[in-house]
Amino acid sequence: EAGVTQFPSHSVIEKGQTVTLRCDPISGHDNLYWYRRVMGKEIKFLLHFVKESKQDESGMPNNRFLAERTGGTYSTLKVQPAELEDSGVYFCASSQETRLDTQYFGPGTRLTVL
Amino acid sequence: AQSVTQLGSHVSVSEGALVLLRCNYSSSVPPYLFWYVQYPNQGLQLLLKYTSAATLVKGINGFEAEFKKSETSFHLTKPSAHMSDAAEYFCAVKEGWGNTPLVFGKGTRLSVIA
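Line order of the protein sequences matches chains Y and L. Residue numbers for the first sequence follow my numbering, beginning at 1 and rising by one. Residue numbers for the second sequence follow my numbering, beginning at 1 and rising by one.
Quick caveat, the hints were computed from the structure, so don't treat them as lab data. Possibly wrong hints are sitting among the right ones.
[To be verified] Straight-line Cα separation of at most 25 Å, DMTMM-like style, residue types lysine to aspartate or glutamate; simulated pairs:
| no. | chain 1 | residue 1 | chain 2 | residue 2 |
| --- | --- | --- | --- | --- |
| 1 | L | Lys58 | L | Glu88 |
| 2 | L | Lys106 | Y | Glu57 |
| 3 | L | Lys69 | Y | Asp101 |
| 4 | Y | Lys41 | L | Asp85 |
| 5 | Y | Lys54 | Y | Glu14 |
None of the values given here were measured: they were computed from a predicted structure.
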């Protein structure tokens, strides 16, 4: 069974540009989470989807971030326009509805904004 | 609000020595507790979890952790360090079983010296 996959693994963009990160959860996992780790800080929750619905987006830093999960499968996280402080590693995780205690993480996308 | 404190951002041990990584948490409800590991250039991998069953939890690769409610701690141990244990370790807390996000500590980087 394939794990959580994320694309791209690295992205380097200039301030003001747009970047879209993609996450493919484990097949059959209705819950999908986005987290972010800014360098030197802890991993922080951004938002949570249940199928295609946003369950909790309390961690989204501002309206430059837009997450979608059309059809309840893969998810995208768009940053527009990117700022320097958006640099960090963006992790995606998924969990089964029947096993909410365990989240499986992807390898992350390292975003660098110059 | 929940929080996690990991004492020591960097821990160094000799090969064959005891590994002890400290984690203290705060939670207003009985917590679920997790240790994740991130090897170089890889994603987060679940090492072990405490979900209100046995207080001593055994995980993969010879690691274990003990939940101590009176001390609000969930320290990670391994009797004998191996070079392959060099990685970054994250302690996380979750508020109960439901659809709640993980709250992470800042991580502890473990170095193993030959």
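Do the hints match the structure? See the list:
1. Lys58(L) with Glu88(L): holds (19 Å)
2. Lys106(L) with Glu57(Y): holds (22 Å)
3. Lys69(L) with Asp101(Y): Holds - the C-alpha atoms of Asp101(Y) and Lys69(L) are around 19 Å apart, at most 25 Å.
4. Lys41(Y) with Asp85(L): Cα-Cα ~22 Å, so holds.
5. Lys54(Y) with Glu14(Y): violated (29 Å)
Of the numbered hints stated above, the single one contradicted by the structure is hint 5.
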